[in-house]
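Asks: So you can see what is in the structure, the chains are spelled out below.
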Amino acid sequence: MLKLVNVEVRYHEVILVIRGVSLEVRKGQIVSLLGANGAGKTSILKSISGILRPEDGRVTDGSVEFKGQPIHNLEPYEIAELGILQVMEGRRIFEHLTVEENLLTGAILHGNGRTKEDLEKIYRYFPKVLLHRKRIGGYLSGGEQQMVVIGRALMGRPELLLLDEPSLGLSPLLMKEIFSILGEVNRDEGISMLIVEQNAKIALDLSKHGYVLENGRIVMDSPSDKLKDNEDIKEFYLGLSELGKRRSYRDFKHYSRRKRWL
Amino acid sequence: MWRPSGIFSVTYRKEIAFIQTPFQWVMLFLALLFGFSLPFYASLEILDFFIKAWITVTAVLGLTLLTGNCGQISLGHTGFMAVGAFAGAISLAKGIPLPFVIIISGLAGGAAGMIFGLPALRIKGFYLAFATLAAYYIIQFALIHYFGGEVGHSVPPPTVLGFTFDSDLRIYYLIATTCFIMTYAAKNITRCKWGRAFVAIRDHDIAANTLGVNVYFYKLMAFFIGCFYAGVAGLLLTVYMGWASVDHYSLSNCIWYLGMIIVGGMNSISGAYMGAFFILGIEEAGNIIAPTLAEIFPKLAGSMIGAIPILFVGLALMIFIMLEPRGLVHRWEIMKTSVRIFPFHH
Amino acid sequence: MEKILNYVMVGLANGCIYSLVAIGFVLIYKSSGILNFAQGSIVILSAYVFYSFSMQFGIPLLVSIAMALVFGAFLGFCIERFMLDRLIGQPILAVIILTLAFSEFLKGTMYLGWGTDILNAPPLFPKGEISLFGAGHLDYSRLAFLIITFILISGFALFYNKTKTGLSMKATADDTVVAGSVGIRVRKVFALTWIISCVTAAAGGILLTNIMGVNYQVGEIGYKAMAVALVGGLESLPGIIVIGPLMGIVEFLAAAYLDPLVGGGMRDLAPFIILLIVLIIRPYGIFGWKRIERI
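Residue numbers (the working numbering), protein chains in the order written: chain W, 51 to 312; chain S, 283 to 628; chain V, 304 to 598.
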């Protein structure tokens with residue numbers, strides 16, 4: 051459904067952050083995109099959803115295709131109308147609107163017809179949000195805000211949901227809750243998702259396929275199960291190493307092993 | 283500043299040093315030479331332009347510290363200049379020697395700034411900008427109604443140790459020297475602890491507070507220092523004009539001053555110079571062109587002289603901000619980056 | 304007592320002028336987060352345009368009113384198209400200076416085109432006055448001002464809270480980038496708000512000609528209206544409808560009772576003093592949104 055072919059992203063026409071990334075999201079699939087800070091994960095999401103421009107960034111090479119149609123030169127709202135919605139990093143809620151108004155903004159895309167049902171659906175998925183529906187968005191706690199933001203995107207009836215670090219700053223318990231809801235949504239609605247995450251374990255558990263990004267390049271690309279078994283992933287992303295074994299000094303020089311990927 | 287590659291500062295003292303490379307010494311020397319030798323070969327018109335420029339730079343330096351460094355937007359800057367001017371005019375008339383008068387003007391401007399800076403402790407952004415605009419109107423009201431501002435005060439030529447500043451030439455040196463000292467002081471403020479506190483407040487005042495910066499104190503101090511500069515600049519203008527009147531301190535001027543710091547790039551001292559000369563140059567160009575235009579359109583001749591400079595500067599400022607809202611410095615940084623990494627974009 | 308009531312009535316009507324002009328500030332601020340310092344100049348420019356159409360070109364009154372309104376809309380559209388594009392997401396200072404520079408530019412234009420004399424536009428309403436409560440006198444043009452302002456503001460308030468376009472305006476005001484990402488046509492929203500606010504400014508300008516005559520210094524009224532908007536809270540339409548008339552009343556009372564004490568000029572100063580006091584006590588205006596800041 052979504053296909054990135056050799057995409058290059060440049061900021062200010064000078065700084066190259068994404069260097070020829072290709073990836074694919076199939077219909078109904080959840081794909082996770084892992085990588086360290088500054089690897090360019092967020093830039094990839096922004097290049098898909100079209101909000102690079104406010105930051106003076108541009109797709110300078112390659113193409114982003116959605117259902118066979120190139121979309122990297124479209125305005126954000128046009129992309130949203132096609133059915134791609136992004137949940138931005140850091141819980142970007144409309145702080146001065148009430149929770150319900152926040153959700154309704156998501157429905158601006160469509161006619162009035164199904165707004166009410168959609169709203170009820172969101173409340174079903176996120177019962178906590180229903181409790182606070184008249185409150186001002188900015189005063190909610192982080193987890194509740196994240197739910198509102200995801201709900202807002204769902205109100206737009208997306209076919210593909212881009213999630214930028216949904217777990218950022220949340221407690222492990224909340225994180226689990228949100229991810230299980232995401233799984234539910236994926237199963238019930240058939241919405242494909244591209245999830246960018248720092249927390250590799252929870253993302254790989256949910257997703258079918260994973261990509262690992264480093265310095266603006268894809269360095270690994272395989273089904274999630276395989277990724278989870280990969281030695282490097284285990285060590286650098288999942289934080290597991292052969293427990294109990296004695297580690298030689300050489301193992302600490304992990305940067306030299308990382309280099310191999312570039 | 284120009285700096286060859288491969289030269290790095292090895293100590294912090296060197297990193298924050300005023301002059302870092304021999305090239306900069308040369309530039310400083312040339313600039314000083316130019317500034318102080320100017321009256322020997324420049325015509326009166328050019329001298330007039332430069333006197334106004336140094337006064338403007340002094341005022342803009344204050345705004346650079348207050349708005350550029352500390353992020354407190356002030357639309358009342360010319361109001362504070364007027365306070366300094368009137369305080370200076372009154373004390374000069376009483377026969378107080380000039381060095382003290384300069385300090386009195388500065389303190390008067392600074393005190394007024396601190397009083398009207400009080401709202402800044404609670405508000406920011408557009409609200410603060412407008413509060414300072416209100417301050418401007420209130421100051422103007424007070425000056426007109428209680429200090430004879432409408433007519434103004436005439437100012438006797440000031441004297442220092444029997445030396446009278448009565449010709450343009452002598453006043454030029456007075457103003458250029460003051461401007462130079464104020465520049466030096468401003469540069470020093472930006473690189474000491476206070477300057478760093480200002481920048482922290484500008485970037486995020488709540489975060490600065492949690493880092494142990496006393497936000498209230500430093501905001502007030504920023505107002506005091508910025509308006510101290512305004513007061514001194516107001517006095518200099520009064521000395522040059524020989525007259526203190528609220529008409530010299532219009533709101534338009536304040537807008538141009540703010541425009542200057544944007545043109546120069548917000549928070550750099552050299553930016554204040556760049557911006558001041560850029561805008562003043564355009565205003566001067568307007569003044570020069572206006573009579574010619576008046577001949578071409580005789581119907582509009584009456585209002586041409588007054589309107590053209592405003593039109594010119596307003597338009598230039600609009601275009602500039604639209605093309606480069608972050609000032610010359612931002613463009614300069616991008617250019618440097620692209621040159622440095624030239625053939626390889628990564 | 305009768306005198307006070309009279310001041311109150313005149314102040315009330317004058318305050319409505321502020322309310323009407325302040326609508327423009329609030330609408331623009333609510334949608335794009337920008338305080339448009341050029342509003343006052345736009346008001347006067349439209350008034351001048353109206354004057355030229357009706358007096359200099361001899362176009363019938365109603366047609367020239369319509370043309371002045373269209374001019375306002377066109378101006379708003381141009382501002383949005385050519386200026387705003389460069390302003391979204393820029394520092395506040397750049398926004399302030401751009402609008403102020405634009406304001407000065409318009410002032411220069413008006414100075415050039417119409418000179419500095421006070422011009423008298425044709426009367427819009429019949430002369431005469433009504434008296435309320437047996438004491439206060441209110442002439443018809445001021446009464447019309449009161450009614451038009453009230454209708455416009457309540458209309459906008461409804462539009463904001465009940466329609467989808469209103470909601471997208473609110474969302475855009477809150478966070479432009481996110482608004483774009485949820486599928487709001489940000490540019491269209493901006494264009495719409497600027498057109499609406501410039502048309503209200505033009506309407507205000509046309510009505511003003513009837514009370515004050517046309518002169519570019521009347522543009523200072525923009526600052527007073529801005530004081531009203533700030534005291535009411537920049538996000539609040541109800542705030543404007545309450546504060547505008549109140550401000551007008553306070554102004555006239557101050558002029559009547561304080562002027563003898565301080566030697567004149569209180570009428571022009573009162574709004575600013577009130578503004579400073581209110582901002583110190585309630586930093587976001589009386590009805591404004593409290594800024595929610597998280598680190």
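Derived from the structure by calculation, the hints contain no laboratory data.
Mixed in with the good hints there might be a few duds.
To be verified - Take a look, some chain W residues computed to stay more than 10 Å from chain S by CB distance:
#1 His-62
#2 Glu-63
#3 Val-64
#4 Ile-65
#5 Pro-104
#6 Glu-139
#7 Leu-169
#8 Leu-181
#9 Leu-218
#10 Lys-226
#11 Val-269
#12 Met-270
#13 Lys-278
#14 Asp-279
#15 Glu-281
#16 Asp-282
Stated by the list, open to error - Some chain W residues close to chain V (C-beta under 10 Å, calculated; not the full set):
#17 Met-51
#18 Val-137
#19 Gly-163
#20 Asp-271
#21 Ser-274
Cβ coordinates follow ideal geometry from the N, Cα and C atoms, glycine included.
Asks: Hint by hint, say whether it matches the structure.
Replies: Hint-by-hint comparison with the structure:
For His-62 of chain W, the requirement that its beta carbon stay farther than 10 Å from each beta carbon of chain S is not met, with the minimum near 6 Å. With a closest Cβ-Cβ approach of about 8 Å to chain S, Glu-63 of chain W is found to fall inside the 10 Å limit, against its non-interface label. Residue placement check: Val-64 of chain W does not keep its beta carbon more than 10 Å from all beta carbons of chain S (closest about 5 Å). The claim that Ile-65 of chain W lies off the interface is violated: its Cβ sits roughly 8 Å from the closest Cβ of chain S, which falls inside the 10 Å cut-off.
Every beta carbon of chain S lies more than 10 Å from that of Pro-104 of chain W, the smallest distance being close to 13 Å; the non-interface claim holds. Every CB of chain S is more than 10 Å from the CB of Glu-139 of chain W (nearest about 18 Å), matching its label as outside the interface. At roughly 34 Å from the closest C-beta of chain S, the C-beta of Leu-169 of chain W stays outside 10 Å, upholding its exclusion from the interface. The claim that Leu-181 of chain W is not at the interface with chain S holds, since no C-beta of that chain comes within 10 Å of its own (minimum 29 Å).
The beta carbon of Leu-218 of chain W is kept farther than 10 Å from every beta carbon of chain S, the shortest such distance being approximately 18 Å. Listed as a non-interface residue, Lys-226 of chain W keeps its Cβ farther than 10 Å from every Cβ of chain S; the least gap is roughly 31 Å. Under the 10 Å C-beta cut-off, the non-interface status given to Val-269 of chain W relative to chain S holds; the minimum distance is some 16 Å. Distance check on Met-270 of chain W: its Cβ is at least 21 Å (rounded) from any Cβ of chain S, clearing the 10 Å threshold; non-interface status holds.
For Lys-278 of chain W, the requirement that its beta carbon stay farther than 10 Å from each beta carbon of chain S is met, with the minimum near 31 Å. Every CB of chain S is more than 10 Å from the CB of Asp-279 of chain W (nearest about 33 Å), matching its label as outside the interface. The Cβ of Glu-281 of chain W lies farther than 10 Å from every Cβ of chain S, with a closest approach of about 29 Å, so its non-interface assignment holds. At roughly 24 Å, the least C-beta separation between Asp-282 of chain W and chain S is larger than 10 Å, which holds for a residue marked as non-interface.
Hint status for Met-51 of chain W relative to chain V: violated, with the closest Cβ pair at about 18 Å, above 10 Å. Against a cut-off of 10 Å between C-beta atoms, the interface hint on Val-137 of chain W holds, since the closest Cβ of chain V lies about 9 Å away. Evaluation of the Gly-163 of chain W hint against chain V yields a violated restraint, the C-beta minimum of about 13 Å exceeding 10 Å. With its C-beta approaching chain V no nearer than about 27 Å, Asp-271 of chain W sits outside the 10 Å limit, and its interface hint is violated.
With its C-beta approaching chain V no nearer than about 27 Å, Ser-274 of chain W sits outside the 10 Å limit, and its interface hint is violated.
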